[in-house]
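K.L.:
Chain by chain, the residues:
Number of protein chains: 2
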Amino acid sequence: MKLYNYFRSGTSFRVRIALNLKGLNYEYLPVHLARGEQHGAAYRAISPDGLVPVLDVAGNPDEALLSQSMAIIEYLDETHPEPPLLPADALGRARVRALAQTVACEIHPINNLRILKYLGGPLGLSEAQRAEWYNHWVREGLLAYERRLRDLQAERAARGLPPSVYSYGDTPTLADCCLVPQVVNGRRFGLDYADLDIPLTLAAFDACMRLDAFQRAMPDRCPDAER
Amino acid sequence: MKLYNYFRSGTSFRVRIALNLKGLNYEYLPVHLARGEQHGAAYRAISPDGLVPVLDVAGNPDEALLSQSMAIIEYLDETHPEPPLLPADALGRARVRALAQTVACEIHPINNLRILKYLGGPLGLSEAQRAEWYNHWVREGLLAYERRLRDLQAERAARGLPPSVYSYGDTPTLADCCLVPQVVNGRRFGLDYADLDIPLTLAAFDACMRLDAFQRAMPDRCPDAER
Chain H
3 MKLYNYFRSG
13 TSFRVRIALN
23 LKGLNYEYLP
33 VHLARGEQHG
43 AAYRAISPDG
53 LVPVLDVAGN
63 PDEALLSQSM
73 AIIEYLDETH
83 PEPPLLPADA
93 LGRARVRALA
103 QTVACEIHPI
113 NNLRILKYLG
123 GPLGLSEAQR
133 AEWYNHWVRE
143 GLLAYERRLR
153 DLQAERAARG
163 LPPSVYSYGD
173 TPTLADCCLV
183 PQVVNGRRFG
193 LDYADLDIPL
203 TLAAFDACMR
213 LDAFQRAMPD
223 RCPDAER
Chain F
3 MKLYNYFRSG
13 TSFRVRIALN
23 LKGLNYEYLP
33 VHLARGEQHG
43 AAYRAISPDG
53 LVPVLDVAGN
63 PDEALLSQSM
73 AIIEYLDETH
83 PEPPLLPADA
93 LGRARVRALA
103 QTVACEIHPI
113 NNLRILKYLG
123 GPLGLSEAQR
133 AEWYNHWVRE
143 GLLAYERRLR
153 DLQAERAARG
163 LPPSVYSYGD
173 TPTLADCCLV
183 PQVVNGRRFG
193 LDYADLDIPL
203 TLAAFDACMR
213 LDAFQRAMPD
223 RCPDAER
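Protein sequences appear in the order of chains H and F.
Residue 229 is where the first sequence ends in my numbering, and the numbering goes up by one at each step.
Residue 229 is where the second sequence ends in my numbering, and the numbering goes up by one at each step.
Hints were generated in silico from the structure; no laboratory data involved.
Take the hints with a grain of salt, since some may be wrong.
Identical chains share a label here; the pair holds if one copy fits it or two copies do between them.
Under the rule of at most 20 Å between Cα atoms (straight-line distance), these lysine to any residue pairs were calculated in the SDA-like manner [unchecked claim]:
no., residue 1, residue 2
1, Lys4, Pro32
2, Lys119, Ala133
3, Lys119, Arg132
4, Lys4, Arg189
5, Lys4, Pro50
6, Lys119, Glu29
7, Lys119, Pro63
8, Lys4, Asp194
9, Lys119, Arg149
10, Lys4, Leu26
11, Lys119, Trp135
12, Lys24, Leu93
13, Lys119, Ala215
14, Lys4, Gly42
15, Lys24, Thr81
16, Lys4, Gly52
17, Lys4, Asp58
18, Lys119, Asn137
19, Lys119, Asn27
20, Lys24, Asn114
Build the full structure now, drawing on both the sequences and the hints.
P.N.:
Below is the structure:
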């Protein structure tokens with residue numbers, strides 16, 4: 003498999019984690035977003051909307067270029083079932099998908115590079131205003147994530163189960179693939195998690211970061227990393 | 003089932019369509035977003051993040067409050083398989099999910115009510131600037147959707163298949179549940195589709211609008227509709 007991606011892209015990071023958790027080798031093909039490589043003709047032939055990540059799954063088992071990180075991860079989970087990234091029951095899957103979408107639909111889209119560029123360009127916002135925008139939505143989103151985890155832990159406690167190790171249960175899921183890049187990205191933008199009351203979220207994050215699959219997917223471990 | 007939702011909420015609209023396509027009856031419980039009912043204590047007990055829609059699936063087959071529209075629709079599809087809202091093959095599911103996420107992760111989150119409120123409030127943007135913001139991201143997103151449909155139609159043609167009737171294939175899918183509310187919402191904001199080159203997207207939209215399941219989910223058909 004080949005992964006068209008960018009070291010700092012949070013959505014690329016999600017797919018790198020999933021590939022590592024599945025133990026799948028892949029060829030890393032960098033697309034330099036900050037330099038605008040995604041808008042060039044060469045990359046537009048791969049991704050008509052100029053977005054990363056794109057996974058070329060030639061022979062695994064289909065011949066196809068796949069886009070949208072959550073769709074890619076579900077595809078990997080269906081075609082390479084072990085270890086599973088979604089629970090076996092419909093309710094569990096609904097919970098994990100809702101957690102993933104709390105990051106992927108409520109936080110990330112509002113704060114990615116193209117949005118920040120538009121705020122700075124056509125709308126002429128200052129760097130301080132953009133930082134405030136970024137922090138506002140990440141804080142709101144992670145507080146929402148925390149409330150979900152709290153509800154889920156209460157459900158587990160009511161059933162006599164111990165607290166989850168990761169976002170949902172005792173193994174990493176699609177939710178963790180989305181959470182970890184968001185937390186890492188927030189740190190890069192200077193967000194201070196110490197004054198944000200999200201203990202369950204940070205505990206799940208820390209548990210993930212103890213796994214090699216997450217560590218190897220980190221932006222600073224990527225071949226195109228810049229310091 | 004009970005659906006906590008709002009007539010103008012695009013994500014609520016998606017779930018109403020899915021429930022109708024599945025032939026499932028539900029109790030419509032309005033949450034008036036424009037008046038801020040989602041922030042009240044009563045609704046916060048239902049949805050800790052104050053978002054609609056929330057589906058109470060008591061007894062179908064779980065006892066649970068579900069959130070995040072795409073996660074809800076996948077749950078409905080798994081627990082009430084007929085008619086399917088996702089294709090039977092992994093590649094088809096990846097395609098449909100990517101289409102749905104093109105709307106749900108690239109267009110809707112940037113343009114929903116809370117974002118437009120923040121642009122007008124803390125950032126002090128004028129109504130004209132907000133309209134330009136809205137139109138910019140909807141146009142970009144629908145053009146991306148169109149490019150995906152074009153690629154998919156080319157794949158079908160290469161396999162000797164006729165063009166898709168809906169976004170993907172001959173029956174409505176999760177992708178159409180997301181597309182239709184976005185197109186309707188754009189119209190409400192005055193977006194002129196006549197000067198946007200998205201013929202395949204509008205053909206899929208028109209096909210959906212010929213179905214009663216989509217018509218009955220329209221905002222102006224909701225019990226809380228305002229004119």
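K.L.:
Now tell me, hint by hint, if it's right for this structure.
P.N.:
Verification of the hints:
Taking the closest pair of Cα atoms, Lys4 and Pro32 come within 20 Å of each other only inside a single copy of the chain (10 Å); across copies the shortest separation is 46 Å, beyond that limit. In this homomeric assembly, Lys119 and Ala133 come within 20 Å of each other (Cα to Cα) both inside a single copy, at 12 Å, and across copies, at 18 Å. Taking identical chains as interchangeable, the C-alpha atoms of Lys119 and Arg132 lie at most 20 Å apart whether they share a chain (9 Å) or sit on different chains (16 Å). Taking the shortest alpha-carbon separations for Lys4 and Arg189, neither the intra-copy value of 28 Å nor the inter-copy value of 39 Å comes in at or below 20 Å.
For a Cα distance limit of 20 Å, the shortest separation of Lys4 from Pro50 inside one copy, 17 Å, qualifies, whereas the shortest one across copies, 40 Å, does not. Taking the shortest alpha-carbon separations for Lys119 and Glu29, neither the intra-copy value of 29 Å nor the inter-copy value of 43 Å comes in at or below 20 Å. In this assembly of identical chains, Lys119 and Pro63 lie within 20 Å of each other by CA distance neither inside one copy nor across copies; the values are 38 Å within and 46 Å between. For the identical chains of this complex, Lys4 and Asp194 are neighbours neither inside a copy (35 Å) nor across copies (39 Å), given an alpha-carbon limit of 20 Å.
In this assembly of identical chains, the alpha carbons of Lys119 and Arg149 never lie at most 20 Å apart, being 31 Å within a copy and 23 Å across copies at closest. Proximity of Lys4 and Leu26 under a CA criterion of 20 Å is satisfied intra-copy only: 11 Å inside one chain copy versus 42 Å between copies. Taking the closest pair of Cα atoms, Lys119 and Trp135 come within 20 Å of each other both inside a single copy (12 Å) and across two copies (13 Å). For a Cα distance limit of 20 Å, the shortest separation of Lys24 from Leu93 across copies, 18 Å, qualifies, whereas the shortest one inside one copy, 23 Å, does not.
For a Cα distance limit of 20 Å, the shortest separation of Lys119 from Ala215 qualifies neither inside one copy, at 31 Å, nor across copies, at 39 Å. For the homomeric pair Lys4 and Gly42, the shortest alpha-carbon distance inside one copy (19 Å) is at most 20 Å, but the shortest distance between copies (48 Å) is not. Taking the closest pair of Cα atoms, Lys24 and Thr81 come within 20 Å of each other only inside a single copy of the chain (10 Å); across copies the shortest separation is 27 Å, beyond that limit. Taking CA atoms no more than 20 Å apart as the test, Lys4 paired with Gly52 passes inside one copy only; the shortest distance there is 16 Å, against 40 Å between copies.
In this assembly of identical chains, Lys4 and Asp58 lie within 20 Å of each other by CA distance solely inside one copy; the values are 5 Å within and 41 Å between copies. In this homomeric assembly, Lys119 and Asn137 come within 20 Å of each other (Cα to Cα) both inside a single copy, at 16 Å, and across copies, at 17 Å. In this homomeric assembly, Lys119 and Asn27 never come within 20 Å of each other (Cα to Cα): the closest approach is 33 Å inside a single copy and 45 Å across copies. Taking CA atoms no more than 20 Å apart as the test, Lys24 paired with Asn114 passes in neither setting, with 27 Å inside one copy and 35 Å between copies.
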